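Read off the chains here:
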Amino acid sequence: MKPAPFDYVAPTTIEEACAVIAEAGGGATVMAGGQTLMPLLNLRMSQPFIIVDINKIAELKGVSRGAGVTRIGPMLRQCDAITSEALARDLPVLVQAVRHIGHHQTRNRGTVGGSIALGEPAAELPATAVALNATIEVRSTAGTRKIPASEFYLGPYMNTLQPDELITGITFPDWPKGHIPLFRELAQRPGDFALVGIVGALVVEAGKITRAGIAWFGMGPTPIKAKTAEQMLVGQSLDTLDIQAVAESAIADTAPFDDQHASAEYRRTVGKRIFASALREALKTGEVA
Amino acid sequence: MTAPEMGTGMGTGIGTGRYIGQRVRRKEDPRLLTGRGQFVDDISLPGMLHCAFTRSQIARGKILAIKTDVARDVPGVHAIYTQQDIAHYKADLLSFFLAAPDVEMTPLANGRVAYVGEPIALIIADNRHIAEDAASLVEVDYADEDPVVTLADAARGLPVHPGTDNNIAAQMGEEEIDEELAAKLKSAPHLITHKVVHQRISQSPMETRGVVVTRDGTEELTLYITCQSPHLVARWLSLSLGLPETAIRVIAKDVGGGFGLKNHPWKEELAVIVAALKFGRPLKWIEDRYENLVGANQAREQEMTLQVAFDNDGKLIASHGDYSVNIGACPQLPECNIAVHMFVWAAYKMPAYGFLTRGWYTNTVGYAAYRGPWAMETLIRETVLDIAARRIGIDPIEIRRRNLVTLKDQPTMTCMEIPLEDITPAECLEKLLAHFDVAAFRKQQEAARKEGRYLGLGVAAYIEPTGAAGSIATMTGELAQVQIEPTGKVTAIMSTHSQGHGTATTMAQIFADRLGVRYEDVTVFEGDSSRGGFSPGAAGSRQGVIAGGAAIMAGDLLAAKVKQLAAHLAEASVDAIRIEDGMVHVEGSPEKSRTLRQIAEIAYGEPDRLPPGFEPGLEAKYRYQPPPMTFASAANACVVEVDTDTGFVKILRWISSEDCGTPINPSVVEGQIAGGLAQAIGMVLLEEMSFDDRGNPLAATYKDYMLPLISDVPTFEFLHANTPSKSVGGMRGVGEGGAIIGTPTLVNAIADALAPFGEVPVDLPLTPAKLLSVIEGRDLVSPTVAPEAPVVVAVAPLVSAAPVVQAAPAPANEILIDGDWKMVLSTPVGPQEMTGHFETDGTALSGYLAAAEGQQAFTGVVENGNNLLFDLKVEKPLKITLKYNLTVEGNRISGKCKMGIFGSAKLTGHKL
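Line order of the protein sequences matches chains D and C. Counted the way the numbering used here counts, the first sequence spans residues 1 to 289. Counted the way the numbering used here counts, the second sequence spans residues 1001 to 1912.
In isolation and in its complexed conformation, chain D is listed as follows:
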C-alpha cells in the first residue's frame, strides 16, 4: 500500500499548472482533495509519472456569482460547500448532495471539482451537475473550453477532459427562489456510494410544473439525465400529475448494472419507488398516485 515512485509539483497558478500538465503529455495526474486518488495510488491502481497538486492555486477556490449563474471553484472543499451561505441560498440541493458524500473526515479534504472530475457513476455530485445543467469550464495551454455536464461523462471514470486540460470552474444556472430540491439515495451504509439515487430540482408556478432538472446516479455507467421524466413533468398540472407513470418513464432512461451488492433488477425496482416517493414528498401531494 505504498505508491509507485512519482514526481510531484505544486503550482500556484492555473497557467503554471496547465504548462506542467501539457509538458507531461498525458503522464500527469491532477490531485485535488486526494480522497480517491490517494487510495488508488497506494493500491498502485494508478501509477502516474507526475502528480500535479492544485491545492496551492488560490484561483481554484471559492464560490462566486456570474450572470445568472453560481460558479464553484473546483477546489471548494466539500465541508465548505456544506457551510456556504451562498450555496444554501442558491443551490440547496447541491448542499444536500454533498452531505451524502463519504464522512466528515473525507469531506474535510474532498473537493467538489474532484468528485465531478472523477465521475464515479454512483456518486452524488456528477449527477447533480448533470441534473442542474451545469457547465464544466476547462483550461489548457491552448485556451478555454466549456463543456455541458450532460456531455462530460463517457463511462465509469471516463470523461471528455483532454489529457492537457484542467477543470477551472463549474457553473450552475440559477434556479428561481422557492424552487423545489429533489434528492434521495439508497446506500447500504451512510457514506457509501449509492445503490440507487436521484437528484434534481423542480419549479412549480400556479399549480403547474414549469421547470425540471433530474438525474439518476448508480443507475448506469454515467450519471443519467431523466429526460423522459423531465419532459412529462414540465407543463403538468399538479392536480393531474400521475407520479407513478412518471416514475415508470424515468426508469426507462436508466441502464443499471449487476454487482455483488444488488442486481440491475433490484436497482430498477427500487429506483422507481424512490423516484416516486421523492417526487411525491417534494411536491407534498400526499396522495397515492
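Just so you know, the hints here were simulated from the structure itself, not pulled from any lab data. Heads up, a few of these hints could be off.
Said to hold, decoys possible - Straight line, CA to CA, 27 angstroms or less: simulated DSSO-like cross-link-like pairs of lysine-lysine: (1) D/K177 with D/K2; (2) C/K1883 with C/K1896; (3) D/K2 with C/K1349; (4) C/K1278 with C/K1067; (5) C/K1621 with C/K1703; (6) C/K1911 with C/K1896; (7) C/K1349 with C/K1315; (8) D/K284 with C/K1650; (9) C/K1450 with D/K284; (10) C/K1703 with D/K2; (11) C/K1883 with C/K1911; (12) C/K1621 with C/K1561.
Said to hold, decoys possible - For each label pair, taking beta carbons as the anchor points, the in silico distance ranges come out as: (13) C/D1073 with D/S64: 52 to 60 angstroms; (14) C/R1653 with D/R44: 39 to 47 angstroms; (15) C/G1280 with D/T160: 52 to 60 angstroms; (16) C/E1145 with D/E15: 52 to 60 angstroms; (17) C/L1652 with D/D7: 52 to 60 angstroms; (18) D/T106 with C/P1411: 51 to 59 angstroms; (19) C/K1349 with D/G191: 41 to 49 angstroms; (20) D/Q105 with C/M1413: 50 to 58 angstroms; (21) C/E1417 with D/R44: 52 to 60 angstroms.
What the hints assert, rightly or not - A few chain C residues that don't get close to chain D, going by computed Cβ distances all over 12 angstroms: (22) P1030; (23) P1046; (24) A1052; (25) I1066; (26) R1128; (27) H1129; (28) T1208; (29) E1219; (30) T1246; (31) A1439; (32) F1534; (33) T1644; (34) D1704; (35) R1778; (36) Q1856; (37) D1871.
Predicted model only: the values in this text are computed from it and were never measured. We put the CB at the ideal spot given by N, CA and C, even for glycine.
Since the structure of chain D is provided, determine the placement of chain C on it from the hints.
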C-alpha cells in the same frame, strides 16, 4: 412475570467489592485514546530493513519460474528469498493445537500456488516503498489450473493438495443417518429441515498483522508481533523452528484486535522470521489492508442442514445435523468444527442427535478462528426454532420455554454427554421478558402492519463453554505473579494478554480488593513472554474466568503473608489484622497501624524482624486450574423494521440479558458483548468475502468488504444475571457471546417482520436485494435468470472410503502383527501421533498405545488373521470408549477409531 432469583445457592462468587463489580475506569484508556499505545508498527530498531511479498495472482497452478533479477537490481533492495532459499530452515506451520499439518505447507509457495494472495517471494529492502516496487517486478510464470473455490467445487473438484485422495480435510460423525434416529425423525408429527449458508468473514482487526524480528547472536530471537498471546507465539515458534523456547522473546504491548486471526503466526510472519535468521539484520513486515483482506486467513463460510423432529406440543424428539466448512488451502486448523455438534442442542432437552461434519480444502485463503468459531450451532438452532414455532403454530418464546434446560432440571447430561450443572439460558430469557413487554409489541406490530410497516421481534437463547482448560495442550490454566514492592506499591505480572480486553484493569481491580490497596497503586504487566508464565491469552473467552481466579488466589496468598508478618510485628493474632487502603491495622490497637510500605520495607530489608521460617519479601504466585469448562448463558431480543419497498433493515431496539457470573467490571463486560453484537450485525447484514469462479477475491478494500459502521449499531440495553460459576471468583466468560447470539437474534427479527411474505432463507448476509426477493416472491439478487445452484455437499461422494475391514481376506504372505507400529489418528484437534504395541496369541490381542501424554494398555481380538479389534476407555476430554478396528497389510496399518458421540476418525500407520 418476574425474573426468578438468581445467584443464590449456586456456588460462591466474590460478589462486589470496593473495586470488583464496579465500573472502574480502564487503566489502558488514557494511553490508547491519546495515541500513546505501542503497536508493532511503532517499533523501530537500529539497522532495521523492511519486507514485502510477491503474491500469487492465480488461485491454483504450478510455478514454472520465478524471475527475481530485475527486482534484485532495484536500488535499496537487499535480498529476495523464495522457498528454495529458506528451505534448509525448519519452519513448520503448526496448528493452534501445535500439531503439524497433514498436507504440505511452507512459509513461501513451494512449486505450486493454491490461492490468490499466497506469498511466493519475500523482498528485503531499505523501506516498504522500495520493497513494494521490487515485489511488483518479480515475475512468476505459472501453468494455470482450474481452481476449486466453493464447497460445491470441493466435493467434485480435483484435490487441492497433490497426493491426497479428495478435498476432505477433516471429517467426523456418520455418513449414513443411524437407523434408529432416522426412524424417530421420520415418524415425528413435525419434521423441519433447515439449511443455513454462512458467508466467509474477514476478521478485520483494526491493527493488521505485523512483526518486527531481530536475531540476537546466532540463535536468539526477539520479536515484536501483534498476537493474542506472546507466550503461545514463543511456544509455537520454538516448536516450529526447533529452537529452545527460552531463546525466543516475544513482546506485544498493545494489540489492535485479534478476533482469532492472531492466535499464532502464519505463513507471512514465519517467512519474515526465517528471513531474519538467514539475513541477520532486524526485519519489519506490516501487513497492509489489501494484504489483510486478500492474504490473511479468514473464517466461517459454512453450510449446515439441520433436521429437527417435534411432537405436537413443540417438544423436541430428535435431530440430525450435516455441516461443511470451507477451510481454504492452508488453514490454521484442519477443521471440521466438532464443537458445532457438541453444543447445538446442549441447552435444550433434546433426546437424540446424530451428525456428519466435514472440513473441505479449496483454492482460497485458509481458515482461522473468528470470535465464536462454532457459532453456527446457535444460528441454526435458534432460527429453526422460530421456523418450527411458525409451522406448528406456537409462540417462538413458548417453544423455547418448553425445551430449554432450566436450573431446576440440573444437574443433567446433554445428548452429547456434556454434564450441565448451572446453565441459565431459560432464566436469562425470563429476565429478558420481564424487561420487554412482548404482548405490547405484538399489538404494535399488528397495528403497524395495517399501515404497511413491517416490524419484527427476534429472540434467541444460548450457552457457551468458556474458560476451557485441561483438555487441549494449549488451553492451560493461567498464572498470576504479584508482589508488594518495597515502596508499598503493588505490581503483578499476568499470563493474560489484552487486544482491547482491559485485563490490566480487571486484574488490578481484583488485586486491589484482595490486598486492601488502592486501585491506583496496582500495576499489571503482560505482553512479554520473558516474564509471566504460559497461557494461550485471549482465546475461548477465558481470561476473566481463569486469570481472574489466579489473581484471587495469588492476591489471597500475598495478603496472608502481609497479615502473618504484621501479626508477628504487633504480637497480635493474624485474625486481628486488617488491610485497608494500603494501611495495615491491628484490631483494638490503632497505634500499631503501619503502612504497607513500612511492612514491605521490613519484609525485604530487615530479616531479623521476620517470623521464623518466613520467606523474605512480599511475593506470591499462583497458577489456577479451573474446572474443565465454565458455561455462560444469555438470551437476547431485538426489534427491527424492514422497509418493504427497499428491503432495508433498521434495528430499533436490542436487549442483551446475559449471565456472566461475577462481573469484575460491568463496563468491560458490556464492551465485550457490544463488540460481539456489532460483529453479528455485520455478519447478518453487510460483510461478505466472496470470490469469482477463478478464485479472485471480490472484496479487496473496505469499500466492498462492508463492516458495520457506528450508525449501523444501535445502543444496546444490558441486563445482567450473576449466577456465580464453580470457578474461583465465580466468573463466566463473555468474550465471544455477542458474536454468537447476535446473529440468530437479528435473523429471527427480520424473519418475524417478513413472516406475512413467507420464510426468509438464511443465506447470509441478508442484503436488501435478498429480502426484497422474499417480499416480492421473485429473484432480485441474481444477475440473470440462472438455474438453481445444485446442492452438492449433501450428496458429496466420499472418494476414499475407510478401509472395508470385514472383507479383507488373509493375505498370502505372513502377517506380522506383533511389534511396534507408528500410527496417526486424524482427530478433530489435528493428527495425533502414537505408537501402537501389539502382541498376539492366536486370536487374542494385547498391547498398548503410547503417546507423549502417556500410554494405555488394552486387550482385544484378531479376526480374519489381520483385523485388530480393541477398545480403550479415556477420561479426557470426556469419558468415552474408543473402539479401534484396524487392518494390517504387510508393513502398513489402517482403519477406523469410533469415538462414541464424535463419530469415526481415520487411522493410518506403518511398522517400526
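Check each numbered hint from earlier against the structure, then list the numbers of those it violates in ascending order. The structure breaks hints 1, 3, 5, 24, 26, 27, 28, 33, 34, 35; every other hint is satisfied.
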